[in-house]
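Q: Listed below, chain by chain, are the residues.
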Amino acid sequence: VHTFTATIPADPSRLAFLRARLGRWLDENELPNDLKGRIVLAAHEAAADAIEDAAPGDRVDVTAAIADDMVTVEVTQTTQARSRRLEPFDHERVRGRGLILIQLLMARVDVIATPTEVKVRMTQAVGGATPARPAH
Amino acid sequence: MIADITVEHPRAGTAVVALQGEHDLATQPELHDLLDSLIRENDLVVIDLSDAQFIDSSLLRNLVVADRLARSTGATLRLQLGSSLIVRKALEISSLLNVLEWASDREQALDLDGVVSKPDRPGNYLG
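Protein sequence lines correspond, in order, to chains E and W.
Once you know that position 86 of the first sequence is 86 in this note's numbering, the rest is easy, because the numbers rise by one and skip nothing.
Once you know that position 60 of the second sequence is 60 in this note's numbering, the rest is easy, because the numbers rise by one and skip nothing.
Calculated directly from the structure, the hints in this document are not laboratory data.
Across the chosen pairs, the derived CB separations fall in these ranges:
#1 E:33 with W:113: 32 to 40 Å
#2 E:125 with W:106: 33 to 41 Å
#3 W:11 with E:30: 43 to 51 Å
If you want the footprint, here are the derived chain W segments under chain E, 3+ residues with CB under 8 Å:
#4 17-25
#5 84-95
Keep in mind that this is a model prediction, so the values were computed, not measured.
We treat Cβ as the ideally placed atom computed from N, Cα and C, and that holds for glycine.
Just chain E, with the same shape it has in the complex (with noise of 0.2 Å):
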C-alpha cells in the first residue's frame, strides 16, 4: 500500500492514534527504524502544531506516500469557521514551534497557507536519493 491517509480532530488526545496509524504503515512499508521514528515525529510535530492553535471544528488531515526512494507526508490543517483567518507561521507564538524540528528532522519541508488552510509537506529520501531541491 503506497498511499496513507488520516483524518483527526483538532484533539491532542487523538495524536497518539495518528501515531500509532502512520508508524504501522511506514512498518507495512518496511521503512528502518530511525526513519520511521524521524517520520513518525515530524508528523506528529506538525499535526500538533495544528492542533495547538485550532478552533472547534477544525480538521487535520495527514497524507503520506512513498514513490522514487521519497516518503512524502501532508499534513494540512482545514478551518471551517467562515470568520475564522489562519494566521501564518510565527515563532514567536505557539504556532509554528515545532516546525524549527520537522525542519531538523525531514530534508525538505514547504508550508503552503491559505485564509482556510495551511498544509506542511515534509519530504525524506527512503534510501541514498536526494529531495529536488536542497532543504532551506
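Chain E is already provided as a structure; the job is to place chain W on it using the hints.
A: Chain W alone, transformed into the frame defined by chain E:
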C-alpha cells in the same frame, strides 16, 4: 501505549521522575506542575526517559523550563537516557543534550560527584 509518570525518592533531597510510554502535549501540563514542585523541594531531580517510547517538542520545552527553574533555585536537573532511538534523536536534534546534564544509567544519574555530561552552552531554539 499509555503515558505514565511515577515519582520515587531514593534518598532525602533527591527525586526521580520516570516517564513511561508516549509523552506529548497531552501530558505536559501535569508534568510541568510536577517538575515545578519537585525542583523547589529537592536538590537533585532526575528525569528518567529510559522507558519513554516517544517524546515531542512540548516535552523538550518543558525540560528547558524546568532546567531554568533548577538553575535559579540551585537545584540540579538531570536526564537519564535509555535505548529508544527516537527519544535520543529528539534530544540530540534539539541540542538539548548540549544544554542539560544527562546520564546513561540510574547509578550515574544519582551520583552527585559522578561524571555526567557537562553542558557548556546555554540556550537553544526551544528557549
